[in-house]
Structure formats: structure tokens, C-alpha cells
Amino acid sequence: MTYVPDNPLIAQSDHTLLLETQSPRFEEARDALLAFAELVKSPEYIHTWRITSLSLWNAAAAGHTADAVIDTLARFAKYPIPDNVPATIRDKMARYGRVRLVRDGAWLRLEADDPVDVEEIRHLKETHDLFGEDPGDPHALRVLPRKRGEVKQVLTALGHPVQDLAGYDDGDPLTMALAPTLPDGRPWALRDYQIEAIDAFHGGPGAGSGVVVLPCGAGKTMVGIGAMVRLGMRTLILCTGHTALQQWRREILERTSLTEDQVGAYTAESKQLAPVTLTTYQLLTWRPSRNAPPAHFRLFHEASWGLVIYDEVHLLPAPIFRESAYLQARRRLGLTATLVREDGHEGDVFALIGPKRFDLPWKALEHQGWIATARCIEVRVALSPEDRLRMVTASAKERYRIAAHNARKGAILDKLLARHADEQVLVLGTYLDHLGFLARRFGIPVISGDTPLDERRALYQRFRDGELRVLALSKVGNFSVDLPGASVAIQVSGSWGSRQEEAQRLGRVLRPKAGQNQAWFYSLVTADSPEQEYAERRQLFLTEQGYPYRIERAS
Amino acid sequence: MTASAEVVSVLQVADPVLWAELEAIVPLDAHVTEVIDDRRRVVDAAFERELLPELRGRVLVRYARRDPGERSETVAHLVEEVASLRAEHRRVLAAAQRHALDDVVIGRHAWDPVHDAPAVRALHGLGLITAVPEQDAAPYEGRYRLHPDLPPPPPVPYDFTEAVMDETDDLSTAGPGVLGLLHDMASLAAALTHDDTRVTHAGTVTVADARKLGRRLADDGLATAGALETHPRWSRALRGLHALHVVTLDPLARVLHLDLGLEATLAGTTEEATDRLVHKLVDRDLHVVVPAIRAALAQAGPGAVDELVFLELLRDQHRDVLIPPWERDGERVYPALEGEPHRPYDDDGFEVVETRMIHAVLARLQRTGLLRRAPGVFAATPDGRRWAAASTTPLPPVWVTGDLEVIVPPDAVTPWERFQLERLGRCQQRDVVDRYRLERADLEAWLAWHDVDEALALLERRCPAVPPTVRETLTSWATSALRIVLTRGVRRA
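Residue numbers (the numbering used here), protein chains in the order written: chain A, 2 to 556; chain B, 309 to 801.
Just so you know, these hints were derived from the structure itself, not from any lab.
Among the hints, erroneous ones may be present.
Said to hold, decoys possible - Selected chain B positions facing chain A (Cβ under 8 Å, derived; list incomplete):
#1 Ile-333
#2 Pro-335
#3 Trp-707
#4 Pro-718
#5 Pro-776
Stated by the list, open to error - Reference excerpt, derived from the structure (chain B facing chain A, CB under 8 Å, subset only):
#6 Pro-324
#7 Ala-328
#8 Ala-332
#9 Leu-336
#10 His-502
#11 Asp-504
#12 Thr-508
#13 Val-740
#14 Thr-777
#15 Ser-784
#16 Arg-791
#17 Val-793
Quick reminder that beta carbons are idealized off the backbone N, C-alpha and C, glycines included.
Generate coordinates for the entire structure from the input sequences, incorporating the hints supplied.
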């Protein structure tokens, strides 16, 4: 194979794939890659994908073959594919399905066609206490049902992905349906891609466990609700926090036939166990003392759950991973905007929650109008000469703080609020004193970690109802806060170089808007300061996702 | 009479309020010798020694540069001057240019020291050539330096079509190409500019610095092993740099320095850079043969060249280009040192002198990966074909993305562009395509010699659309870096 200039794909020998967005075959190639590669970043012109063990096992789990994957690469490749790439694909994909977990009466059997695989696994140091007595079959090992998750987790980490064909225990049935209209009478229906995601979760080999990846604002909650309704069983939903829990509950009540008493919140205030129960990661991992086990893990076993939904699965705390190892007989759905975990536990998500079932790039949804078109603007604000003098003589840590507290940001905030006088605006900040100062100056209500839950709820509701035009949020507003009316976010300070925070904050304004479907994300940054350097790092994730930043210098 | 100029260091701030910021950190006033205006001050030599270490990270050190307009004026003037020369003088100048390497020519090789002496004197008088003072050099036979801005000599119209034949089966296989070497030399040279590279007393690069180079070059093997001299790729590149005499070793610090001269070799298109490299890789007194071989390969295209016919055609057409004959006692003879007998400039002489020269050059070109040879036949390798016939295929585009990555496909940049790119960005991956990341620290290093506009122009040379974010980011980094600048070597009348 030689140079084919019209093809869009370049395969590198480290299994990175580069995709030219300007090519007429870009969309065709992108859709083909989704099956077996992970999107790493998608700035303009060149998107970067990566073929990993997990992405190949995910592909194999979805029924793709190594030959088909290699053919796809060859079909779109611009340059000859390095020899090691097809070899790796064949080797990795051949591993998935070589070891299978099946039911064997009250036990489970780990079986393989090649007895050498069984022997190898039996003799691994890490697996010696995972298996029951020898069944006397060179092709199989006996597994205790309670070790199902652990076996998968350990073997996946050791490069032996297990195809789990042992099936699931059905939970108690729960009759429910999607509501055709919202409470205000407006009709609603699942979007096509949400239905595709639900189909992908429920269909195919090993269906019933896995992860759906959708951008912020794309309606992951709807996918969860759709999956739950289609299954029709008792469901446990794990959320990132109290606000997210309330939103889930509201959405379920508004969009399904379930009634208030059928949807319970298991929180610090009320331990309500209902056919659909919502709880938070924080509550589940709470321990009465440092060395005590988490007090509320019993929730997993207190009812016959047919489905467990993990919201924002990339944030799933390690103890819940461990407990999920015991939930392998339950159907599990993970929802997330990114499979990338800062702690590198992607393999655990694959083994314990399930393979990726559905993925859609952010920009693809933006083009289809399902999320707002966002314009990201960094406004560089100079320090006053006095503050600059203070900054240059301060310690490194203090310099960042002085830059973040730049008093001149107030004037810029004022201008931006005037520029977007007809839109709902979120003012986002990290430093509470600075955020409080700005809020007092402009008469903006603030929600922070100290704001009582009732007050938070009331402020969010007033904002949703349009009574409040501007709302200031501290870090509590970073996750799972659904404020669909907000079309402008103004970030007055951020947590050092946190890329995830930047992306989550942008997500607050990405819900589709009426009219132009346009969202604005402003980041106020002190010019020529450490804050400017950290801002560059923070913006990297969004730039990689194809959201370029325009830089404006405030006069 | 020339006006005398003083060379000084000038401290410059983007905004006069920054003087107060500097004063808050160091006692600046004591080192200011002159206030030029509200943003520029001349500082004394002690400033660098005493204050600069405390201001590190706040002050960017730059070097004053020659005004580019000054050079273009000189070039235009020289074009006119050469055009107005008498034909005989122009012939001698062209011969000198064809024989020159690095603008230095040995008179004995290029002209007849007796009969061409008036022309040499005239060229010398016009400042187009300057004699290099040497002991024991006979008149007009020694070294002369050509004016660096001279227009190139007219091309020699070689016609080797009669020598073109089909490739034969017994041609040797192609060795490692010289194009890859050029790019690797560019990459390694750029890496040497970023970090100090120390050399042990045994003459090898220290393990720590070889590892650092490995990281800079995105070569995991080198970064892990730390043995540059046994690394097939980078040791070849280092040997190439040594062969070009563009790296030197500081004998006290034992640090490798990149000297001037590499950029001149790499300049222009890939074919031009290859040609310059080839001229430098063959022996000094043989390089004048190279254009003839290059012309033969260009005319052969995908075919081969019959060596015997090639030699005959060369002898009949432009023998004097290789070795201009001297005239002694009414006979044409080969150049000779004083006291040596004169060999007649005839066909037998061609067999003994030029034919051997050409064979030596062909052997060298085979070793450098430009030629494949069989008895009586030679043909170009893929690199040789590229060198011989300037490619008309458009280069694939380079991609610059908003997240400050530069993606360079094969053959997308010239060696000169590679060198500049590796100075401006950090290589992340050398693979089917190479990936670079633009980083603030590298831009700051770049700004010591260049402007941010040159960085943007470099990216725009091959990238169809540099995203505005990249432009804004680089400009904003430059603005930050140039808030306080110390410029060395500023000439003041």
C-alpha cells in the first residue's frame, strides 16, 4: 500500500490514529473508528484516536472481528500502516472471548477452548484464591458466584478479558412507561441517538452491562431513564451529589409513569427505599469511623435490583468499585462524558461496570443541534500597578491568589453582564471571598458549599423559572446541575490547572437553546500572571474537544 | 572612512510602569549608563553579571540582528555589478563560484593564474573576491573568499541524453538515504540548541545528556539507553554534523556547540539542501564534478546512465568546467604546483585525471545513498532521484491544531523548516507522521534570535490554516516574554 492523499487516516506505530477532519471521507471514517478506538481529542483539522486493549476488547464485546478492524484501517489509511498495528489488533482481539464465564448450576465456570489458557490462569499468583475446587476439566475452572466481579477485574488487569455470559438475576418487576408529555403539556420523546444508546445497552452479546458515553448536556439522564423503562425492573441510581439526585428524581417523575412514592431518595435525611431508589456516592462511601466499613453498602443488597445506574461513572469512588464486584449478577449501566479517569481505573470500569456500549463525539452533537454551539473566550485582564508590584514580590502560591482576586475583573464582569443583558448568566468561581465580593457588588445570589440545601433548591428553581437572571456558583456548581436556561457562563477564577473543571463548567451552558442555540463561556484571567499559565492548561481539554478559545485583552 | 560603532546591551520594557517593578527587585539605577527613551536604557556590563541572575524568568535575553533590508540592497547591487562585468571576467567569476565551497575557492583550481590574472585582479578590485592571506601561496593560486551575496553562476548546459539507458538487474541496492540524514541532522542540531550537551574525556556524549537529547528527540531508545554513539540513527546524524563542521566542542566546559553554517546548508528546498550537503560530503577537489552527475541523473529520470558514454559526453562538452586548463608554452596543460611537470590537457589526461575523479565521486555518492551502481552503469536511488530532479509533486500539508500541536507528514517540510520547527516546538513523536507541541519555553528561546511573526510565518509556510487560537496564544506568550528584554550586541553610532 502506498500514499493515498485523499484518505483521512494515519495510523502510527504506537497505535494512535490521526484523522483529518477536512477530508471528504472524515465522517465515514470517524463513524467506523467509534467501534474500536477511543477518541483522545478532537481539535480542528486533526482528531486523535487511540487503539487500546480496552477499546479492542470493547469492540470484540460488540461483535467486531480483528479482520474487520484491520480492513477499516486499510480502507481509510493515507500512509502504509505500520506492521505492528495489525499484529497487535489480532493479538488483543483474539484474547476477548478466549476465556468465558458461564453458569454451572449454583456455580460459575471460567472456561476456555485452549487448556493452556486455563493452566496459565490457574497458576497466576493473583488468582489462586479466586477459584473453587478443580472440576477435573482441563478446559474449565470453577468460580464462586460471589467472586464473579473479582475474577473479571483481576483477569482483565492481567490481559485476559473475560466474556461474561453468565447472565443476570432479574430484579423485582416494575411496571412503568415513558410519559408522552411533560407536566406542562409539551410533548417529548427520546432523541434518536438516545434510543441508539439504549438499544446498544440492551442488545448484543453480554448485553445488560456497560457504559454509555455522551457529552455534557446531551441527555445522559434520558438514556438512563429509557434503559430503566425498557427493562421494567427495580432500579438503583447512584448520583454524584444531592443536587444531581434531585434532578434525576424530577426527571423520572416528569418523564415516566412512576409516581412520587415509587421514586425514593436514600440520603442522609431520608432513607427511603422505593422501587426506584436514588442515592449519592458520598452517602454510600460514608464510614462511621476511619477504619469501619462503609455504612450504607447494604443498600445494594436490601432489594432485588434489576438495574444499577452509575451516573458520571468516571468519578466512581474506589470503594464502590469494590462493592460493584459483588453486583455482577445485576445489570449495570454507567453514564459518563468521558471514559478517561484521572486515577487510571478505566480497566475496572470495563471489568466491573461493563464495556463501552455507545459513544458520540461532542462536536457531532453540536452539529446536529442537540447541544448548544459554544464560543469560548478568554478575557485577559491586567492587574493594577499596585497589585502587580504585590504579585511580583509574593510567593508562587500567593501570586496565583493575587492574580485570581484581580479587582479589575469586576469591571469586566459588569461589561459582560451588560453585553448579555437578555440572557441567563452563571458566574463561576473558586475563591469564595472573591466570588462573594463580586456577588455583593452586583447583587447576585451565591450558591456555595455552605448554602443550605433548601436555599440552594429554591435558588436553582428561581433561576430555572427565569426569576433570577444571574446566579453565582462556587465549585458546587461544577457537576450535574441542570440549568437549561443558562446560556452564558463567566468564570472569574478556577482551580489551578483543572481541565475537568473547565469542561464541566462549560457543560453548564451546553443544553440546547431556543433560537440561535448559542452559548458563551468567558474565562476572566489576569494577564501576564500565573493564572494565565494555568488557564492555558485548563483550556486544553476543551481545545482538544474542538472548542477553540478566542483571546481578548480587556482595555 | 567607516563610522565607529559601539556595541552595548539595551534593557527595554513594554510599559514604563515596569521600571518600578524592576526597581522593586534589584537596584537597577546603579547599572544604567544612558536613558535612550522612556522604555529603553543602556546598561553596563556588570548588569548581566550582578543583576540578571536575580531577574531570571523576568527578563528575556535577545541578540541584535542584521537588518534584512540591508542584505537585499547588497544583493541587488551585486546582480547589477556582475551583469556589467566584461565577458572574460564573468567567466572567471563563474568558474570560481563553481569551484568554491563555503564561499572559499582555491585559485589554482578555478583559473589560470597567469592568463586569468587580469580578471582576478579586476574581480578583487571590485570586492567580489578577496584574497585570504596565506604564506607560500604562489600569486593567484591560493585561497580567495567570494562575496557571500553574489548571484549564482549561470547553469552549465549538460546534455547526457545519449548516455541514458534502462536500469540493469545488477544495480546495487540503495543504502540509507541522505534525505533522512538531512532531517535527522536538522533535528539533532535543534536539540543541541535547547540543552547543553556535555562530552566525556573519552569523546562520547554523557549518558545523562544523551538521555536528555533522547527525550527532546522523542526517541525512547536513546532516552532509555543514553548512548548516542551506538544509536544508529542519531550517531549518524552527529557524524554528519561533524562532517559539516557545524558542531564544535568547548574544550573547557566540554559542551557541544552548534556553530553558524548549518542554516546555510539547510536553506531552500529539500533538493537544494541535499545538493549543498552532497557538495560538502565529497572531497573538496572533487565536488565540482557533482553537478554533472546530478544533471545526468535528472536526464535519466527512472532509467540509468551508461558510465562510459557519460564520460565521453562530459569530456566533449564541458571538460573545462571540471578542471580549467592552463596554457603554458602555447600548450593546454593541467594545473600543477610549482616545480611539478605539466601534464598535457588531452584525452589520455582525461582518462587519468578526470575519469578517476568521477569514479571517486560516484563511489562516494553510492555510499551516501544517492546512487546504485553496477559495472559501467549508475542510476539514482529514490533519494537520488529526488535530489537530481526537483520534485513537482505538491508537498502534503502540515497541520497546526488549536491545542498547539503541529503534525508533520512525511515529505511535508524541508530540512530547513524541520530545523526551525524543532527549535520552535518540542517533538512528541517521530513516527509515520511526526508530532510537535508548541511550548512557551521553546518560544521564549526562539525569541532570543527571532520574532513571533517569524514563528507564525514558519507555521503558515506549510499549514493551510493556522487556527486563530494558535496565533493568539503565540502572540500572547511573546507579549508576556517581551515585557522586559535585554538585547545584547546593539550597535550604537
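* Agreement of hint Ala-328/B with chain A interface, Cβ distance less than 8 Å -> 7 Å, holds
* Restraint outcome when His-502/B is required to lie within 8 Å of chain A by C-beta distance -> 20 Å, violated
* Minimum beta-carbon distance criterion (8 Å), Pro-335/B to chain A -> 15 Å, violated
* Asked: Is the hint on Ala-332/B kept, meaning its closest Cβ partner in chain A is under 8 Å away?
  -> 6 Å, holds
* To do: With a cut-off of 8 Å on the beta carbons, see whether Ile-333/B makes it to chain A.
  => 7 Å, holds
* Asked: Would the stated hint for Pro-718/B survive a check requiring a Cβ distance to chain A of less than 8 Å?
  -> 7 Å, holds
* Hint check, Thr-508/B versus chain A [nearest Cβ-Cβ separation less than 8 Å] -> 32 Å, violated
* To do: Return the status of the interface hint for Val-793/B: holds when the least beta-carbon distance to chain A is below 8 Å, violated otherwise.
  => 14 Å, violated
* Hint check: is the beta carbon of Asp-504/B less than 8 Å from a beta carbon of chain A? -> At 25 Å from the nearest chain A Cβ, Asp-504/B fails the 8 Å test, so the hint is violated.
* Holds or violated: is the Cβ of Leu-336/B closer than 8 Å to a Cβ in chain A? -> 14 Å, violated
* Under the criterion of a CB-CB separation shorter than 8 Å, is Thr-777/B in contact with chain A as hinted? -> With a minimum Cβ separation of about 4 Å from chain A (threshold 8 Å), the hint on Thr-777/B holds.
* Taking the least C-beta to C-beta distance, is Pro-776/B closer than 8 Å to chain A? -> Holds, about 7 Å.
Taken one by one, the earlier hints fail for this structure at numbers 2, 6, 9, 10, 11, 12, 17, listed in ascending order.
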